[in-house]
Each structure stands twice: as structure tokens, then as C-alpha cells.
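Peer 1: Sequential numbering from 1 applies to the sequence shown in my numbering.
Worth flagging that the hints you see were computed from the coordinates, not collected in a lab.
Please note: incorrect hints may appear among the correct ones.
To be verified - Each computed SDA-like pair below joins lysine to any residue, with the alpha-carbon atoms no more than 20 Å apart:
#1 39 - 26
#2 39 - 65
#3 2 - 32
#4 3 - 65
#5 39 - 61
#6 3 - 50
#7 39 - 13
#8 39 - 14
#9 3 - 63
#10 2 - 64
#11 39 - 1
#12 3 - 47
#13 3 - 40
#14 39 - 24
#15 2 - 44
#16 39 - 59
#17 2 - 50
#18 3 - 64
#19 2 - 65
#20 3 - 36
#21 2 - 63
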Amino acid sequence: MKKTIELLNEVVAMGFSRERAIRDIDASLDEELGTENRKPLMEEEISDQLYEDILFGFRCEAEEP
């Protein structure tokens, strides 16, 4: 399990704005976990697989011309 804040920090380090990263990560997690199952960003933990899946989406987008 990894913390959502770690994912956010990694995405921001890739060059995405913090606001955009939060918006996109939240949308992905709301879809996967449901809004009723979410915790505050600093406390929330997600599976390694979900972490990698979301990160992969950002990597693909970063590589687009």
C-alpha cells in the first residue's frame, strides 16, 4: 500500500501542476473507490497496483507530443 500524497508528489515532480494532479488523481480514485470510501489526502492509502495504474496514465500523457 502506498499513500496518495506520495503519488501526488511523484506526479508533480514529473512536471504536472499540483492542482491538475490533485484533480485527476481524485477523479481516478473516486471512480475506483467511490467517494464514500475516500480519506483525507495525507492519510489515504491505495494499492500498489492502483498507484502504478494512475502513474502510468500520467507518464503516457507526459510523453505525448
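Peer 1: Against this structure, judge whether each hint is valid.
Peer 2: Here is how each hint holds up against the structure:
1. 39 - 26: Holds, at roughly 11 Å.
2. 39 - 65: 35 Å, violated
3. 2 - 32: Judged against 20 Å, a Cα distance of about 15 Å means the pair holds.
4. 3 - 65: 30 Å, violated
5. 39 - 61: 27 Å, violated
6. 3 - 50: 11 Å, holds
7. 39 - 13: Violated, at roughly 23 Å.
8. 39 - 14: 24 Å, violated
9. 3 - 63: 25 Å, violated
10. 2 - 64: With Cα atoms ~27 Å apart, residue 2 and residue 64 exceed 20 Å; violated.
11. 39 - 1: Holds. Residue 39 to residue 1 sits at ~14 Å (cutoff 20 Å).
12. 3 - 47: Since the Cα atoms of residue 3 and residue 47 sit roughly 9 Å apart, the hinted pair holds (cutoff 20 Å).
13. 3 - 40: 10 Å, holds
14. 39 - 24: 16 Å, holds
15. 2 - 44: 8 Å, holds
16. 39 - 59: 25 Å, violated
17. 2 - 50: 9 Å, holds
18. 3 - 64: This hinted pair is violated, its Cα atoms lying about 27 Å apart.
19. 2 - 65: 30 Å, violated
20. 3 - 36: The hint holds at about 18 Å.
21. 2 - 63: With a Cα-Cα distance of about 24 Å, the restraint between residue 2 and residue 63 is violated, given a limit of 20 Å.
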